[in-house]
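Position chain W relative to chain Y; hints supplied.
Those protein sequence lines, which keep their order, are chains Y and W. Numbering of the first sequence is given in our numbering, commencing with residue 1 and proceeding in unit increments. Numbering of the second sequence is given in our numbering, commencing with residue 1 and proceeding in unit increments.
Honestly, I wouldn't trust all of these hints.
Pairwise CB distance ranges, derived in the manner of DEER restraints [what the hints assert, rightly or not]:
| hint | chain 1 | residue 1 | chain 2 | residue 2 | range |
| --- | --- | --- | --- | --- | --- |
| 1 | W | L196 | Y | R104 | 17 to 27 Å |
| 2 | W | R76 | Y | A91 | 21 to 31 Å |
| 3 | Y | P40 | W | G172 | 53 to 63 Å |
| 4 | Y | E102 | W | E73 | 37 to 47 Å |
| 5 | Y | E197 | W | G172 | 13 to 23 Å |
| 6 | W | F182 | Y | D90 | 19 to 29 Å |
In silico BS3-like cross-links for lysine-lysine, where the CA-CA straight-line distance does not exceed 30 Å [to be verified]:
| hint | chain 1 | residue 1 | chain 2 | residue 2 |
| --- | --- | --- | --- | --- |
| 7 | W | K422 | Y | K28 |
| 8 | W | K159 | W | K145 |
| 9 | W | K77 | Y | K34 |
| 10 | W | K454 | W | K422 |
| 11 | W | K377 | Y | K28 |
| 12 | W | K414 | W | K305 |
| 13 | Y | K34 | W | K377 |
| 14 | W | K145 | Y | K35 |
| 15 | W | K392 | W | K6 |
| 16 | Y | K35 | W | K77 |
Just so you know, the hints here were simulated from the structure itself, not pulled from any lab data. Note that the structure is predicted; figures quoted are calculated from it, not measured. Don't be surprised by glycine CBs; every beta carbon is placed ideally from N, CA and C.
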Amino acid sequence: MNGIKKTGRLINTDQLRDIYYYMNSREKILAAIKKSQPAPRELPVLDFPLPDDMDAQEKFIAVLSSIGGAAHTVGSYDEIQLLINREYNDAARIISLVPEIESRGQYFEPGTNPHLLEDVDLAVIKAQFGVAENAAVWITDDMLPERVLSFITQNLAVVLHRRDILQLMHQAYERIGGRDYGFGVFIAGPSKTADIEQSLVLGAHGSRTMRIFILQS
Amino acid sequence: MNNGDKDHAALAQQFNRDEPRVNWHDETLWWVRAKRDKAAHTIPGWEHLRETASRIKNNVLSNMYGYLQQFEENARKNGVIVHWAADAGEHNEIVCGILQKHGINKMVKSKSMLTEECHLNDYLQQNGIEVIDTDLGERIVQLAKEPPSHIVLPCIHKKKEEIGELFHEHLGTPEGNADPQFLTHAARLHLREKFLTRRAALTGVNFAIAETGEFVVCTNEGNADMGAHLADVHIACMGFEKLLPQRKHLGVFLRLLARSATGQPITTYSSHFKKPRKGQEMHIVLVDNGRSVQLGREDFRNSLKCIRCGACMNTCPVYRRSGGHSYHTAVAGPIGSILAPNLDMRKYADLPFASTLCGSCSNVCPVKIDIHDQLYKWRQVLMKEGYGPAAKKLAMKGMTFTLSNPGVYRFAGKTGRWVMGKMPFIVNNKLNPWYKQREMPEPPAQSFNEWYKKNRKAD
Chain Y
1 MNGIKKTGRL INTDQLRDIY YYMNSREKIL AAIKKSQPAP RELPVLDFPL
51 PDDMDAQEKF IAVLSSIGGA AHTVGSYDEI QLLINREYND AARIISLVPE
101 IESRGQYFEP GTNPHLLEDV DLAVIKAQFG VAENAAVWIT DDMLPERVLS
151 FITQNLAVVL HRRDILQLMH QAYERIGGRD YGFGVFIAGP SKTADIEQSL
201 VLGAHGSRTM RIFILQS
Chain W
1 MNNGDKDHAA LAQQFNRDEP RVNWHDETLW WVRAKRDKAA HTIPGWEHLR
51 ETASRIKNNV LSNMYGYLQQ FEENARKNGV IVHWAADAGE HNEIVCGILQ
101 KHGINKMVKS KSMLTEECHL NDYLQQNGIE VIDTDLGERI VQLAKEPPSH
151 IVLPCIHKKK EEIGELFHEH LGTPEGNADP QFLTHAARLH LREKFLTRRA
201 ALTGVNFAIA ETGEFVVCTN EGNADMGAHL ADVHIACMGF EKLLPQRKHL
251 GVFLRLLARS ATGQPITTYS SHFKKPRKGQ EMHIVLVDNG RSVQLGREDF
301 RNSLKCIRCG ACMNTCPVYR RSGGHSYHTA VAGPIGSILA PNLDMRKYAD
351 LPFASTLCGS CSNVCPVKID IHDQLYKWRQ VLMKEGYGPA AKKLAMKGMT
401 FTLSNPGVYR FAGKTGRWVM GKMPFIVNNK LNPWYKQREM PEPPAQSFNE
451 WYKKNRKAD
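So that you can see chain Y by itself, here it is in the shape it has in the complex (with noise of 0.2 Å):
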C-alpha cells in the first residue's frame, strides 16, 4: 500500500495500480450515491393486457412492409428454397445457418475471422420468435455462430414460425426469461438511416434488404 497517494493514484506495478486506482473511485462514487439517492420507491407491476382483436401475423406483415422489410408466408422449407433460388439468383456467397437450406459459395468456420465475412450477399438465419406489434425478430447467438453476420451480410433472410409471432415486447421477454446467451439481438426490417434531411435510406451500415419467410405449419 506504500505506493497509494492520497488520490489513489499509485506508482507500483502496473497491475496494482490498474486495482487500487479504479478501486477508489469505486468507492467514491458509491459513497456519495448513497449519501445522495433518495428513500426506497417499490417498482410497479407489469401489467399489460393483449390486445385482444389482433391477429398477430397480419398485423407483423403489416408493420414490416412499413418498415421497408418484406414477408413471405410460406407452407414448407422446399418452398423457402425455391424464393431464395428466384429472389437471389445472382447471389455468389449464401451463408444459411438454417440446415433445409442451401448454402452457396464459400462457407465459415465459426470463431475464427469474422472479417472474413465481409463478401456475404445472404444470410439465412432462424429467428427463435417474432414481435407483432414492431416487427422484430429475436435472435441470440446459439443460432447465429459468428455475431457479425446477421449485420454485414448484404441481404438477410430470417426464418420465422408462425405460431411464434407474439404480440407485444412484454411477451417476448417472459418468454426470454431468464435464459443465458452471449449475445441476443431484435431485428426489424433493414438498417436505415433518415440522417441527411430526413429522407429514409435503407441500407445504412448493416442488410441492406431483410426477408422473413413465415412458415405456416
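Relative to the frame of chain Y, chain W by itself:
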C-alpha cells in the same frame, strides 16, 4: 466549433439570421414530433406505459447503490471488465489506457452522448489516437468539425447540399451530388473499410440490466454492431443512470424509446451484449461526472431518468427555432438545459432561461420528467446563487421596487403609456430587447385602475 463565451440568446440570434433555414429546421423537427404522436396514439395504453417507465426509473434512482453493485458483479461474472470513472477526465484516461495497452491508435465509435459530454475525441486525438464516428449523422458533423446539434439526429441543422460538399471534399464523391441515397451509399462504403480495419470499437449504452449484467445498444444503422463484432476490443461507456433492475423491464423501455424518438415502432437493432465473443475483450466504463450530485438534488434528480429519446427537443418551440448549437452543451434542448447547470452553474446559467415554460417537453417525455418545472426551479436557484444575467437581475430589482410601491407603479404605467403613444421611437428600437423580432403593442388609453375609478363614479 468554438462558440466563445456567447450565451444562448446570442447564439440563437446568429442561427436566426437565415430565416428560411430556421423555418425549415422548425418544420423538420415538428414533422418528427408529429410522427411521435402518431406512434404514441396508435398503441393502446401509452399513458400507462409512460407511468410504468417513470415508476421503474424512480425505483432505480432510489436503489442505485444496490443495483450498481449487482450490475458490476454480474457483468464481471459474464467476463466483462468493469471500470469506474468519477469524472470526465478519468473516463478519458481509462479509455485511452485500454487502447494504449493494446497498442491501438485507431478506433471506431458509435453514438455516445456521454463521450461528447467528456470530450473524449479531443482527448484521444491529443494522445495520438484517431477516432472515427460511425453513425452517419455523427460522421457528417465530425467531417464538418462541429459537435452534434441533436442527440438523435446529429446533423439535423445541415442541408443536403452542404453534406454533398463535405463528402466531395473528404470522400471524393462527385461535386454537386446531394442525393441522400447516393451520399448514404458513399458513407456505407467509406465506413465499411473503417469497420474492417479497426481493432477497437467504442459504443454507448441505452440500458444496462442489474439482474443479468448485460447492456443494450439501440441503432437503426447497425454501426454499433458492425464496430463491436468486428473489433478485438469493445469498450462500452455509460452514465450510471442507464441501469434498469430486470431484463423484463426492457419490454417497457424498448416500446417507448423509438416511438418517442422518431415514431418508429422499435429501432432496427436492439442488441443485448452479455458476454464478450470468444477471443474478444469487453469493457464497461461506469461514469459519474456529476450524476451523484444531481441524484442528491431533490428538485432535479428526476432528470436522471432520461432515456435520451430527444422528444423534448423536437417539440420545443425554442429548440426548433434556435438550433442545437445555441445550447453550447453536449445535450441540447429542454433536457440539456436542466442537466447542464448541475455540471457548471456559471457556464450554463443561461440555459434554463431558454424556454417559454410552455410544458410541451414534460407532456411528451416517455419517463415523465417534470422538465418545465425543473427549468423554472433552476431559474430560482441560479438567481439566488448569483449566476443570473446582470440585466435580468437589474430588471428584477426594478420590478420589485415598482410593484411594491403603488405610487411609483401608477406613475410608471402612466409614463409608459404616454411614451408608447407619443414617442414610440423611444421603445421601438434596438436598445429594447423586447422589440427584437416583435412589434410593441398599441398602448391602452387608460389603465384598469383609471377605468375602474371612472366607471365606479358613474354608478
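Results of checking the hints against the structure:
no.	hint	verdict
1	W/L196 with Y/R104: 17 to 27 Å	holds (22 Å)
2	W/R76 with Y/A91: 21 to 31 Å	violated (43 Å)
3	Y/P40 with W/G172: 53 to 63 Å	holds (59 Å)
4	Y/E102 with W/E73: 37 to 47 Å	holds (45 Å)
5	Y/E197 with W/G172: 13 to 23 Å	holds (21 Å)
6	W/F182 with Y/D90: 19 to 29 Å	holds (23 Å)
7	W/K422 with Y/K28	violated (66 Å)
8	W/K159 with W/K145	holds (16 Å)
9	W/K77 with Y/K34	holds (24 Å)
10	W/K454 with W/K422	holds (23 Å)
11	W/K377 with Y/K28	holds (29 Å)
12	W/K414 with W/K305	violated (49 Å)
13	Y/K34 with W/K377	holds (25 Å)
14	W/K145 with Y/K35	violated (40 Å)
15	W/K392 with W/K6	holds (16 Å)
16	Y/K35 with W/K77	holds (27 Å)
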